[in-house]
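*Asks:* Order-wise, the sequence lines are chains A and B. Here the first sequence is numbered in the numbering used here, starting from 1 and rising by one per residue. Here the second sequence is numbered in the numbering used here, starting from 1001 and rising by one per residue.
Hints are not guaranteed to be accurate.
Stated by the list, open to error - Derived lysine-lysine pairs resembling DSS-like cross-links, with alpha carbons at most 27 angstroms apart: (1) Lys1351(B) x Lys1440(B); (2) Lys1455(B) x Lys206(A); (3) Lys1271(B) x Lys478(A); (4) Lys488(A) x Lys1482(B); (5) Lys1410(B) x Lys1426(B); (6) Lys455(A) x Lys1481(B); (7) Lys1271(B) x Lys1166(B); (8) Lys1288(B) x Lys1117(B); (9) Lys1345(B) x Lys1371(B); (10) Lys1481(B) x Lys337(A); (11) Lys1117(B) x Lys117(A); (12) Lys1219(B) x Lys234(A); (13) Lys345(A) x Lys234(A); (14) Lys1351(B) x Lys1305(B); (15) Lys481(A) x Lys1206(B); (16) Lys455(A) x Lys1166(B); (17) Lys1455(B) x Lys1440(B); (18) Lys1455(B) x Lys482(A); (19) Lys1166(B) x Lys482(A); (20) Lys1206(B) x Lys234(A); (21) Lys354(A) x Lys288(A); (22) Lys455(A) x Lys1271(B); (23) Lys1481(B) x Lys481(A); (24) Lys361(A) x Lys305(A); (25) Lys1488(B) x Lys341(A); (26) Lys1440(B) x Lys1345(B); (27) Lys354(A) x Lys341(A); (28) Lys1117(B) x Lys440(A); (29) Lys1440(B) x Lys1465(B); (30) Lys1016(B) x Lys354(A); (31) Lys1465(B) x Lys410(A); (32) Lys354(A) x Lys402(A); (33) Lys305(A) x Lys288(A); (34) Lys440(A) x Lys1478(B); (35) Lys1250(B) x Lys1016(B); (36) Lys1481(B) x Lys117(A).
Think of the hints as simulated: they come from the structure by calculation, not from any bench.
Number of protein chains: 2
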Amino acid sequence: MNSENKLCVYNTITRKKELFEPINPPFVGMYVCGPTVYGDAHLGNCRTFVSYDLMYRYLLHLGYRVRYVRNITDVGHLVNDADEGDDKIAKKARMEKLEPMEIVQRYTLGFRDVMQKFNTLPPSIEPTATGHILEQIEMTQKLIDNGYAYSVNGSVYFDVIKYNQKFQYGKLSGRVIEELIKTERDLDGQEEKKNTIDFALWKLAKPEHIMRWTSPWGKGFPGWHLECSVMSTKYLGSPFDIHGGGMDLKFPHHECEIAQNVGAEGSEPVKYWLHTNMLTVGGQRMGKSLGNYISPDQLFTGDHKMLSKSYSPMTVRFFMLQTHYASTLDFSDEALKASEKGFRKILNGLKTIKELSYQEKQDIFDEALNKDIEQLSSLCYEGMNDDFNSPKLIANLFNLLKYINSFHNKVLNIGALKPENFILLKTTFITFVENILGLKEEKNNNPNMLDDVLKTLLDTYSEAKNRKDYATVDLIRKEIKKQGILIKDTKEGVEWSYEE
Amino acid sequence: MNSENKLCVYNTITRKKELFEPINPPFVGMYVCGPTVYGDAHLGNCRTFVSYDLMYRYLLHLGYRVRYVRNITDVGHLVNDADEGDDKIAKKARMEKLEPMEIVQRYTLGFRDVMQKFNTLPPSIEPTATGHILEQIEMTQKLIDNGYAYSVNGSVYFDVIKYNQKFQYGKLSGRVIEELIKTERDLDGQEEKKNTIDFALWKLAKPEHIMRWTSPWGKGFPGWHLECSVMSTKYLGSPFDIHGGGMDLKFPHHECEIAQNVGAEGSEPVKYWLHTNMLTVGGQRMGKSLGNYISPDQLFTGDHKMLSKSYSPMTVRFFMLQTHYASTLDFSDEALKASEKGFRKILNGLKTIKELSYQEKQDIFDEALNKDIEQLSSLCYEGMNDDFNSPKLIANLFNLLKYINSFHNKVLNIGALKPENFILLKTTFITFVENILGLKEEKNNNPNMLDDVLKTLLDTYSEAKNRKDYATVDLIRKEIKKQGILIKDTKEGVEWSYEE
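Full structure from sequences and hints, please.
*Replies:* Structure below.
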């Protein structure tokens, strides 16, 4: 990598592409707003987390020691519809009541499962909001002590106007506070606030709220924005390097996070703010009411009216990474089909380069060819260094692939490559595909494939037996026994069983 | 199931086998002490959790609505060796410091992975100790208020002598308090306690302790026994039905749990205490210092001097379940090998019964045969109802298997079975093997098996081609294409690639 070829990132708060310089190298702290685990994994979220997975993988590849924190929002506003008139019964029947943590468990496991299918690396820490109630109470108290928050009737609100007198509220999203005050609607329960623009740090739990904790202001639960302010700085210090999330979180969530951290500590919490863009379906916003909602599982099974077939997790991952994280990503059956073709080309390339052997013929090095391989390899870095531009990277990988296929098909002579450039080609292609794009072979992902291949083999065995081709019969029998499978010839035909 | 055939469990606290009658049917609350996630999963723990998985599965099968809570102990006593003399540097370099939650994350994921390999169902809730600090502080305060705890220098201790004046300490483990006082050693830091037998509810954090939370008694961390008292009753109410754990936890852990709950609430927290027994290796206690320590992964890979080969997770699960949970389980290569044979017989039986078809011939019902099948099916329940006696169950499954194989081999005529008994045989065998013992086929668990089978198929293809057997060639080519795999004939031989 030359000195100009260094990682730059688009920083939402400065609205500029900036050279990435960690606060305390080689350490990098990265916080990403994670899922709310009160429902199935959302495809938009998956795209967001695949994007940060790409960044995490690339930062690791560059040699940084990355602490990647992605939270799990497990405090929701679940209410209990049960008649609580008879308290004794309610108490006796604790087991009969809805337990929010059961819901949290189900969807947390479901989320992890989907993330694993997409081959994302687990974050270094996955802190939960309910796991940090005490710290959230502490920050709330600090904000009250600093004069940026006030308590009313067991709830605590952040005083945005007061804060804005000293600091700038709206800095990240570019909103102007006067406009915000004008447009803020008067919602139910707003009468407690000094200003409609104020937001809750702690809410008094009404009787029907199930999740509640003791606080200096009574039994309640934390406001939504607080957990990220608390958990990011608890595990990464302040300031830390990268804060990410979907762009829909810019306002109000991230704006409120900044206000909370600055109000509590007096300084900005984050050096680089990164935001991923939304996804659309056939050009439209994806939404349940619009009838174009697709879940990850529907993609994997093909069970959706907009899909002509199923798409494997790796195909979908590849498809996502063909668009830059900061651009809108449009899902369509056609686009997915095209990506599947492309992904298979990449997989075949991976197989080919791994099997390709090099024969040196020192006298016929082709200078132009060697320079091209060097340049294309460098361009892979250039793509990623340009704000993690994966489509640029993928375009270069396809250029490298052309060479790989030409060497394989003997259209080009591999001996014309210098030995170090053969290694460069091989390393670059494999590293960027497997380690950075996070793509892998997925033969085993079709749960029936082994059964089907086995069936083909047994059919072949039967055919061979019928025409008394005992050489083939013996070969198959011998080879498959190595897998612990016995072939049995019965009156009814060929059977197999596990060797006992 | 007849009226006598009902679930009984051995209750450690009453030292009797008792009829299982849930407090609030059809609900069952079950709490099991989970792992400490500061190291790799321990085989002894795996045995414990496989045992409770068996119970959980059987209770679900009986139609109970089970809330199964298994905690994760993520507060340890990690200390920081870094020189904290210069506080400013320590603060700036937060990212450089050991972060216990990174360790927690790594081993929690590792634990889940192993549990998944053993095909255990995830518990309904997996609460963490750090996620319930506030509730632990509250219970500590309650115990102080009730006069059963006292604070000294920022720590809080449970007053065992005071508690024992009103309630009985030692009830579960059968220990006598006078004996305990005599034998309790005077350990470091004990001088704060009124009596050496007292135990910590809350500990003041020394400067080198990394995990610490604000409490009414200063910055500190909860005592080890507290989390289970808090989390079991938070999610299951009090009293709840089943509390489980390894028998090494009986004293002091479970004894202290009882004291905490009784001291805080005045009543016993648990109806049935169940304890799993230890495991040994070659008759000896398993221990790292004894050189006979085996990890789950070593079993799966065979990479251990005491193992002649690898054993699949399902083989090990089957092996574990061949011993009753309350008995010592002895690991040896020989015993595992025998279990592997047995497990494959079961797997073949599963395959056979699923493929077996029934032909009714009403006139030749064999009364003795029918009665035998009915009785053996009933005995499966009887085994499990006898304190979850899985070895008894497995013995009966092998008896059923003999019939399955006899029907398959035509030694017995399947038409001699009444249709309802054919269904009984099939349902009983499949349900107990798959749903209750939690065993499953694991062809796909060998990651290379598909590649190997594919290779066998390609070798057969080449052979066929060499002898110009184009029927076989075409068959294989056609069948494998259905899997998205193309066979290519090149000068170098046969190759395959993904269809693009």
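*Asks:* Of the hints stated earlier, which fail here?
*Replies:* Violated hints: 2, 3, 13, 14, 15, 16, 19, 21, 22, 24, 29, 30; rest satisfied.
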